[in-house]
Amino acid sequence: MKKLYGNAVVGQSGGPTAAINATLAGVIRGVLEDVGEGAIKTLYGMRNGVEGLLEERLVNLNELFAREENIEMLEHTPAAALGSCRKKLPKPGENDAVYEKLLSIFQKYDIRYFFYIGGNDSMDTVAKLSAYTKEHDYEMCIMGVPKTIDNDLVVTDHTPGFGSAAKYIAVTVQEIIRDCAVYTVPAVTIVEIMGRDAGWLTAASGIGLAVNGIVPDLIYLPERAFDKDEFFEDVRAALKKHPNVVIAVSEGIRFADGTYVCEGFGIASVDAFGHKQLSGTGKALEVAVKNELGCKVRSVELNISQRCAAHIASETDLAESVSVGRAAVKAASEGVTREMMVIVRDSTEPYRYHVDHSDVSRIANQIKKVPAVYINERGNHITAECAEYLLPLIAGEAAPRYRSGLPAFFVIE
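Numbering (this note's numbering), first residue to last: -9 to 403.
No lab work stands behind these hints, which were simulated from the structure alone. Check each hint, because a few of them may be wrong.
Computed list of lysine-lysine pairs in DSSO-like fashion (alpha-carbon distance at most 30 Å, straight line) [claimed, not checked]:
hint, residue 1, residue 2
1, Lys78, Lys98
2, Lys358, Lys218
3, Lys280, Lys78
4, Lys286, Lys359
5, Lys358, Lys124
6, Lys124, Lys81
7, Lys320, Lys78
8, Lys(-8), Lys124
9, Lys91, Lys77
10, Lys218, Lys280
11, Lys81, Lys218
12, Lys118, Lys(-8)
13, Lys(-7), Lys320
If you anchor each label on the Cβ, the simulated ranges turn out as follows [unchecked claim]:
hint, residue 1, residue 2, range
14, Lys78, Lys359, 18 to 26 Å
15, Arg57, Asp217, 54 to 62 Å
16, Val363, Val175, 47 to 55 Å
Glycine included, C-beta positions come from ideal geometry on N, C-alpha and C.
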């Protein structure tokens, strides 16, 4: 596509992360630093993703972030500063009124660049919007900018936001293990970690394999079918080694027939995309262990802290997030469209990477699972290779600035 001149709009979608605003800051930096060589005049932010765009709830980001200190504060602010949404666009042809409305807004504000920061479903939005604007001869560059704590987007080595969530989990589990180790009474602690279809976050609980050897006794990922009998065998074996057993489980672990462990408790519900919202897996296993073994047992659900713990964000993650956002602006200004930015790992030791882009149609609605070589043969732990892959992503500490003992975050009014 030829070089386009006009305005741009950026939005955030799906679940927030501790680094999604760093990616937004990267897009803002790309525009203000003019890495697009004058292609973009004004960058608008859409409030609450495409939902807000349809209602023309836009904010001028050039004006809001004219000061460097505001951008720096944004980089260390958790959650989605522009607000998010979980709106799924209809298939083109099913409800063209939505697309007609979006196209009229693009024309009204002379929007020639569209940056959508999100995960799998957001890339679906990028693909659909790209197809519609192309079919209706509106010249526009539409780019997917990845984020997700789940690390489940294909093609990219990993996703911005994952490193910080992985760091929070790895550190928290280290602390839990030490806390549990002070008693001699036999006890089991089950730590439930986010991850519906991919176990990357739960795998992060075992990063200690590559550092100090301190890891949960057992780790269960959704990539392997969960067997209750084998689980009890594993717990009994662990209790014979020492009295305080710590187990990390993905919220999405399932039995061989596909039933979620938590479904037996009637807790799973459905979100706007039709995905089951899971919680209660740890509690379900707590009850099962108590009934089967009769020992002291408790469950801990890390919950949303996994995605908003900016106080312990990975410095590597934030730096990569900024670079991905900035690279998206440069690529789009060069005529790239219908692509998602991807991180390519050049080496692990020392850790090196570069940012590229790939056809979003290869990525949308796909799920990157934890590969078999990263899971042990028994299916109850990760391998050293997995820990070594994950370790560079949590490197460095990037805490926000503090005021009167509390972090200073940037809020878009």
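Taking the hints in turn, this is what the structure says about them:
Pair hint Lys78 plus Lys98 holds up; C-alpha atoms about 23 Å apart against a cutoff of 30 Å. Proposed proximity of Lys358 and Lys218 is supported: the alpha carbons are some 26 Å apart, at most 30 Å. Restraint check for Lys280 and Lys78: not satisfied, since their Cα atoms lie roughly 42 Å apart, outside the 30 Å limit. Note on Lys286 and Lys359: the hinted pairing is violated, with a Cα-Cα distance of about 33 Å set against a maximum of 30 Å.
Under the criterion of a C-alpha separation no larger than 30 Å, the hint pairing Lys358 with Lys124 is consistent with the structure, at around 29 Å. Distance restraint check for Lys124 and Lys81: the Cα-Cα separation of roughly 15 Å lies within the 30 Å cut-off, and the hinted pair is therefore satisfied. About 27 Å separates the Cα atoms of Lys320 and Lys78, which keeps this hinted pair within 30 Å; it holds. Restraint check for Lys(-8) and Lys124: satisfied, since their Cα atoms lie roughly 14 Å apart, inside the 30 Å limit.
At most 30 Å may separate the alpha-carbon atoms for a hinted pair to count; Lys91 and Lys77 meet this at roughly 15 Å. Distance check on the hinted pair: Lys218 and Lys280 sit about 13 Å apart at the alpha-carbon level, within 30 Å; holds. Annotation: proposed proximity of Lys81 to Lys218 is violated, straight-line Cα distance about 41 Å (limit 30 Å). Restraint check for Lys118 and Lys(-8): satisfied, since their Cα atoms lie roughly 21 Å apart, inside the 30 Å limit.
Straight-line distance between C-alpha atoms of Lys(-7) and Lys320 comes to about 11 Å, which keeps the hinted pair within the 30 Å bound. Hint check: Lys78 to Lys359, Cβ distance near 23 Å, so the stated range 18 to 26 Å holds. Between Arg57 and Asp217 the CB atoms are about 57 Å apart, so this pair conforms to the stated range of 54 to 62 Å. Checked against the hint of 47 to 55 Å, the pair Val363 and Val175 fails, with Cβ atoms roughly 38 Å apart.
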